[in-house]
Amino acid sequence: MIAPARTEFSVAVLAGGLSHERDVSLRSGRRIASTLRAAGATVDEWDTDAALLGRLTTSRPDAVVVALHGGEGENGAVQSVLELLGVPYVGTRAPDCRRAHDKPTAKAELARAGLDTPEWVALPQSTFRELGAAGVLDALVARLGLPLMLKPDQGGSALGAQVVRDPAELPAAMVGALAYGDTVLVERFVAGVEVAASVVDTGDGPVALPAVEVEPAHGVYDYTARYTAGLTRFHCPARLPDDVARRVAEAAVAAHRVLGLRDLSRTDAVVDAEGQVQVLEVNVSPGLTENSLLPRAVSAAGRDLGEVFTSLVERAVSRGPVA
Amino acid sequence: MTAMPPAHRTTGSSGPAAAAGAAAARAATSDLGDAGDPHLERYAARTAGMTASEIRALFAVASRPEVVSLAGGMPNLAALPLESLSVEVAGLVAAEGQSALQYGSAQGVPVLREQIGEVMAFEAGSLAATGGFAADDVVVTVGSQSALDMLTRLFVDPGDVVLAESPSYVGALGSFAAYQADVRHVAMDDDGLVPAALDEALQQLAREGRRAKFLYTVPNFHNPVGVSLAADRRPAIVELCRRHGVLIVEDNPYGLLGFDGQTYPSLRSMDPENVVYLGSFSKIFASGLRVGWALAPHGIRDKLVLAAESATLCPPAFTQLVVSRYLATHDWRSLVKSFREMYRERCEAMLTALETHLPDGCRWTRPQGGFFVWATVPEGVDTRAMLPRAVTARVAYASGTGFHADGSGTRHMRLSFCYPPPERITEGVRRLAGVLDGELDLLRTFGVAGPRTATSGGPQAPSADTA
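Protein sequences, first through last, are from chains A and B. Going left to right, the first sequence walks through residues 719 to 1041 as the numbering used here numbers them. Going left to right, the second sequence walks through residues 65 to 531 as the numbering used here numbers them.
Every clue listed holds true.
Derived contacts from chain B toward chain A, CB cut-off under 7 Å, selection only: (1) ASP98; (2) GLU118; (3) PRO452.
Covered stretches of chain B (in silico footprint by chain A; criterion: 3 or more residues with CB under 8 Å from a CB of chain A, positions within the stretch not fixed): (4) 443-451; (5) 503-512.
What the hints contain is simulated information worked out from the structure, not anything from laboratory work. For every residue, glycine included, the Cβ atom is placed at its ideal position computed from N, Cα and C.
Can you build the whole structure from these sequences, using the hints too?
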């Protein structure tokens, strides 16, 4: 699609919210708002608070860009409200958000569709309490081995995510992960090349952008590594053989389709020692900050973030209020 | 090329800070990938600790009205007489605009330096009781934070030892870290810094053949602990430092905020030649004006003036003259008294709520002034790891780790009562109790009982504008 240089649309960027990722969301929102303004759009930046409904109904923006991360911005709640109000928005429909945002549900769907994803178990806190944590943890280690990857079943930015190499660390790590939510996702840890493949659909079907390889300076791509310039090196395109890079792209597009995602998504994966692409998780609202992966992929593809989002806004407007 | 584990991994590093340093030392050439910041290789080594923080990010929700924030340290300005102040500010611009809007002296506006004597005399009882006051020995600074930064710059080379209470004010620890100080914490109890612990720390340093450059202390209504250094301990602290040749930096932003109007003799009054005294208008007038001061021995004063010239040329003349006019035209002593009453009411609300709601095994300080209660939670709880649970429950606190340079403090939290009104404090503590109950249940489930170790890097305490 030819890049439309300018747009006259009015856009509301939703950012902030009350999730653990509020800080990242505010930064994503600022970045995408200034990008859209530079492309000619009239942009408001709104938090999801008690003033939001009034703003949406009185200002009637042509479209909404959801730059919320975690919680209601990614689990479909905000999207449901936008559908109720008949406001066009960029991104995945509410029910599909709900499915993709819940990591164990998404993994099950991806596995069912034939995509590789590290073996996992998702358990609520109550199971450990009722059955006895020691026995359940032993069974987890016996089945999945060490190291283990622990993460909250929802949410992003690696908040609450931990790699556990020593079984003695497991109970405290569980407590840490369960501070973010009631259910913990326990995965077999897969070593290899960490990649993030963004997918955008600006009218010709979902297309994978060049995968970004993530190389954290101290081995773990945690919150500090993500948002401190210099603690992670990004290789874009990823340093992968062509056939592996192609399989990463195929996996990302397949995940986007399998989960019914719309407009844009980011699939995080690891290429293991055998060259297999293991999908870790899929993001319906990828980060858009200066340090985020989707904007890097857009640049690596020789495209402009403003052009891409202008196209996405146009698509949302042309879809109209009915999702 | 085959799929491979990423190359160029840092080895031998011992944490995020070390990794940041190692990363900073590497060249950002294209074959190493993009580090996300083209200036990376230029940063000084002292930026190594300046990293993003999972904990800091969680404080972003504190600005939302749904969240009861017991995390911040913002003074409550509701009692300020804004109408009459606006008249004074307008009058300042009209009558003195040519000087108020011009560069000023690096040492500060002379009239304000004289008036600072009145403020110090109000706290000490008389000018003589301050340890002797000469406006010429005052350096006005951009908040006392700027004085702290300059003092650290004057005294601390990388690796030099600074002594500080355990725990200590997070802003001071930030300055010490920025100048790569080796911070040694000294124990305190309900009567403040423990002289025997200070003695031991000084002797330990002597055994190592080292000497601390200075002792940093907040003797009155301490941040974050809320307690004050007992009057009968003060001579011993002063004497120990004199004997070991260690300067004292006495930071006193809360000294006038004793709930019953009680004040303490300053350390400076006991040894004016070995104490740099820091004062502030942030808690007794307006934190946004950024006006504080240092009262220092002559030699240090001269160095501070030169340091101020290189840091800011001069503190803003405008804000200094606003403070000066306020002091000259308003009954500021009465306003201090109304601040005390307001903070007393809020502190009582917090102590009552803690008594009512907190689970067994918790204990906390009972401040007689200032802004903060320091709470200790049962063994096994890591207040930093618990913070996301609190955010989910719409309450925020500052975990104890932010107030230590050595990663300790996981069993503690600072609860501020300065900003939220009493009914919100009560609600916040009620929520906090629920959070603790949930965490204790989880700990029992997983059998976690021992002390927890640090897991995340970066600043652990909220920024100054956190509610």
